[in-house]
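K.L.:
Sequence:
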Amino acid sequence: MRTDALEAIWRTVRCIPRGQVATYGAIARQAGLPGRARLVGHALKVAPARLRLPWYRVVAAGERITFPRSSRQHAEQSRRLRAEGIKVTNGRVARRTAADLDAILWKPR
DNA sequence: GTTGTGACGACTT
DNA sequence: AAAGTCGCCACAA
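Using our numbering, the first residue of the first sequence is number 48, and each one after it goes up by one.
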């Protein structure tokens, strides 16, 4: 039950295409856990490093970066996103699309 | 069991 | 734009 939820989230995050981002809420919905965005945050926090999840592709609603501007993580996430060609300014990633949420054809691999 | 906290989010002031 | 409020719920104390 709890474990499967985490795994479902990890699986979903793993499917975010390179160069794109997804919101916590969207991940939750996609993982079959609507309304549980916070759980996504928790899942990422406790995710085994071994999974090599593209955690930096997960942003908060409004394409905002969740971490404080001064935090190391914020810098890290910005760096990685920019490395994939995603523009990050003012703690925001360039709006990818409006319909990318569910519309994106996630190829569940 | 209760309380506070938190990698969230939608809404209302 | 910024700050509250409320819903969500896992977890630690």
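If you're looking for bench data, these hints aren't it; they were derived computationally from the structure.
Where a beta carbon is used, it is the ideal one built from N, C-alpha and C, also for glycine.
Warning: the hint list may mix true and false statements.
Claimed, not checked - Capping the alpha-carbon separation at 20 Å, the derived lysine to aspartate or glutamate pairs in EDC-like fashion look like this:
{"#": "1", "residue 1": "LYS92", "residue 2": "GLU54"}
{"#": "2", "residue 1": "LYS92", "residue 2": "ASP51"}
{"#": "3", "residue 1": "LYS134", "residue 2": "GLU123"}
{"#": "4", "residue 1": "LYS134", "residue 2": "GLU110"}
{"#": "5", "residue 1": "LYS92", "residue 2": "GLU110"}
{"#": "6", "residue 1": "LYS92", "residue 2": "GLU123"}
To be verified - Distance windows between CB atoms, simulated:
{"#": "7", "residue 1": "ARG139", "residue 2": "THR50", "range": "18 to 24 Å"}
{"#": "8", "residue 1": "ARG129", "residue 2": "ARG49", "range": "19 to 25 Å"}
{"#": "9", "residue 1": "VAL93", "residue 2": "PRO115", "range": "16 to 22 Å"}
K.L.:
For a quick check of understanding: which of the numbered hints are violated here, in increasing order?
P.N.:
Those not satisfied are hints 7, 8.
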